[in-house]
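My request is simple: use the sequences and hints to build the entire structure.
Chains as they are written, first to last, in our numbering: chain A, 1 to 314; chain B, 1001 to 1294.
No wet-lab data here; the hints were simulated from the structure.
Careful, some of the hints might be misleading.
[Claimed, not checked] Cβ pair distances, simulated, as ranges: (1) R1174/B / D71/A: 40 to 48 Å; (2) L1091/B / E206/A: 45 to 53 Å; (3) V1150/B / R3/A: 41 to 49 Å; (4) G75/A / I1196/B: 48 to 56 Å; (5) R1174/B / L103/A: 35 to 43 Å; (6) R1184/B / L103/A: 26 to 34 Å; (7) V1150/B / Q47/A: 32 to 40 Å; (8) L1106/B / R3/A: 17 to 25 Å; (9) W1016/B / L138/A: 16 to 24 Å; (10) K1173/B / L4/A: 17 to 25 Å.
[Said to hold, decoys possible] Computed, partial: chain A to chain B, Cβ under 7 Å: (11) F18; (12) V19; (13) F24; (14) T27; (15) I66; (16) S141; (17) I142; (18) T215; (19) V285; (20) L287; (21) T289.
Please read these numbers as outputs of a predicted model, since none were measured by experiment.
All C-beta atoms, glycine included, are put in the ideal place defined by N, C-alpha and C.
If you want the building blocks of each chain, they are given just below.
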Amino acid sequence: MFRLLAGRFFASLGTLFFVGLVLFALTRAGPGSPARIVLGADATADQIAQFEQIHGLDRPFLEQYITWLVDVLGGDFGKSFVTGRDVAGEIAGALPVTLSIVLFAFIIALVVGIGIGILAALRPGGPFASVTRLSVVLGLSIPAFWLGIVLIRFVAVELRWLPPGGYAPLSAGLAAHLQTIAMPAVSLAVYYIAVLARMTQASLQEALRGDYVRTARAMGLSSPRIVFYALLNALPPVINLAALSFGYMFGWALIIEQVFNIPGLSRALLNAISQRDFLLLQGIVFLFTAIFVLANLGADLVNRVLDPRQRSAA
Amino acid sequence: MKRLAQLARSADWTGWLGAAIVVVMIGAAISASWVAPYDPVAISIEHRLSAPGAEHWLGTDQAGRDVLSRIIHGARASLAVGIGAVIIGALLGVSAGLFAAYKGGLGDQITMRIVDGIASIPLLVWAIAIVGVLGVGPVSIGSLQLPNEVKIVTLVGCLFSPVFARVTYAVAKRIVGADYVKARYLQGASHWQIVIGEVLPNCLSPIIVQATLLVAIGIVIEASISFVGLGVQPPQASWGTMLSDARNALYSGEWWLPVFPGLAISVTVIGFNLLGDAVRDLFDPRSEARTLVA
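Spelled out as structure tokens, the structure:
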């Protein structure tokens, strides 16, 4: 078991190494070298050579990448060529904002999605199951950022229940914090509520058809206990999907932050793009990729640990 | 043809609804120049922000442009990106899957590890970052000028390819090992004849199912990237940029600006999702609920 976990972990690190290399190459594929961008169009060749030497840009490509990667793993994302600020500091300032929205949305998606899925699975063919089926199609089809815009229009502007945008950190009080992240988190969660509800429903229905459920019924076990046991068997694919969803939510959070004008990683990323700040861009995208790879790893491990068939197959 | 007749009988009404939506949207996109009542980029100050009515069915925006015409033209960008990305993803992914499954051994290992690597790239973040780095200008290949969307189509297509590679590989691996394929080989059939004639046809149904569902995701991705200003460039119409413009109207009364472009996206996505689910129920009823790619 331990060997399997370690193997998976190192495979993920290897993936991250190569994907990071592609990222590193692509961020340099744009028009204009970093030196040219920082020093301006009328910099002399000498000035550019000097700049490149100071920042190690004259080193071989692979060496630059590995130096950067080793620093990043040690928590040092470098100093921005453009603003002179510490990239790790910029990320540390913006990450909690994004993380807070994603975590809140993730909890909503888990609780509501799995809850709806269980209720729908208990009465297949019933009215609740039909409503769920319809809601799932809607939930999968409404773009999160549009939902956000509509929520601002009707909940914030019309009803004045919540502020239309902006962000209050947790230090400003829990109520203020929740007020600012409620609408972004709900917009972000809806798609994943639908995804998880559908998976829970399908998986639990399948489990409830199992022979052991019939045996348990025949032995006179109470209905809630039977559902509980069936649920234990139904959950692994749901948890697997939830772990994957967590990775994907970060990507959509970028768009949602734009809708609600929230100063998270999205703003940092778009600033990095508009100022051609390579190190900041690389740092943020690498962080997202690492989170995503870890979420995939988690999903994979959950599958293998919770499902004995896959454990032996590995 | 037999399959089609089966489809006609067995698909329930939601599948037909989906097919109808898809046909209408593709029709609108192709014939946008003839169907749209107004020029989508024609500015008309005296008609700015008029509410939906007889003259402008879905109203006009801040520059007096007709919302309905912009939505019809916006369908072009959306569907072109959604369908284009799926075609690129399918070509890359299916070839990779067939190659790995048929070749076996080291080629198999290497190909599928590359597929795993591509699958571990978060699509939206990379799309935003790479388009951001390359800039939103047109792409010129020789004398040919292609719009910015080409970058998005290519990128999203590449990142869709693992889905196709994996479904193709799973089926192809089974077929390659089957006795009748070995028999064909002994009959002297070439590699191409076996891969194209025997293996590929068996993989088609899961590929078609995934393709339909992925178009829906591609459409939302195009809208999202255009929404943050890195996709379709103004004044050209796109659903994402229309929603971005609509943010300026959130505090005044023009509800039609945020509502209609969003409805256009949702209805189109519902169409592809319903069609995809119906096709899956028909071809591949035991398969997983859905591959999560975004």
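Here is how each hint holds up against the structure:
A C-beta distance of roughly 46 Å is found between R1174/B and D71/A, which places it inside the suggested range of 40 to 48 Å. For the pair L1091/B and E206/A, the beta carbons lie near 35 Å from each other, so the given range of 45 to 53 Å is not met. Taking 41 to 49 Å as the suggested C-beta distance range, the pair V1150/B and R3/A conforms, at roughly 46 Å. Look at G75/A against I1196/B: about 52 Å separates their beta carbons, and that is inside 48 to 56 Å.
Remark: the range hint 35 to 43 Å for R1174/B to L103/A is upheld by a beta-carbon distance near 41 Å. For the hinted restraint 26 to 34 Å between R1184/B and L103/A, the CB-CB distance of approximately 54 Å leaves it violated. Judged by the Cβ atoms, the range 32 to 40 Å given for V1150/B and Q47/A holds: they are separated by roughly 36 Å. Distance hint check: the CB atoms of L1106/B and R3/A are about 23 Å apart, consistent with the given range 17 to 25 Å.
Checked against the given bound of 16 to 24 Å, the beta carbons of W1016/B and L138/A, roughly 18 Å apart, stay inside it. Restraint check, K1173/B to L4/A: a C-beta distance of roughly 22 Å satisfies the suggested window 17 to 25 Å. The criterion of a C-beta within 7 Å of any C-beta in chain B is met by F18/A, whose closest approach is roughly 6 Å, and the hint holds. Hint status for V19/A relative to chain B: holds, with the closest Cβ pair at about 6 Å, below 7 Å.
Checking F24/A against chain B: minimum C-beta separation of about 11 Å lies over 7 Å; hint violated. Because the closest C-beta pair between T27/A and chain B is about 6 Å apart, less than 7 Å, the hint holds. Hint on I66/A is violated. Least Cβ distance to chain B is approximately 18 Å, over the 7 Å limit. Taken as an interface hint, S141/A checks out: its beta carbon lies about 4 Å from the nearest beta carbon of chain B, inside 7 Å.
Given the 7 Å rule on beta carbons, the hint for I142/A holds: about 5 Å separates it from the nearest Cβ of chain B. The beta carbon of T215/A is not positioned within 7 Å of any beta carbon in chain B (closest approach about 25 Å), and the interface hint is therefore violated. Taking 7 Å as the C-beta contact cut-off toward chain B, the hint placing V285/A at the interface holds, the least distance being around 5 Å. This hint is violated: L287/A has a C-beta 9 Å from the nearest C-beta of chain B, more than the 7 Å allowed.
Annotation: interface hint on T289/A holds; nearest CB of chain B at approximately 6 Å, less than 7 Å.
Hints 2, 6, 13, 15, 18, 20 from the list above are not met by this structure, while the remaining hints are.
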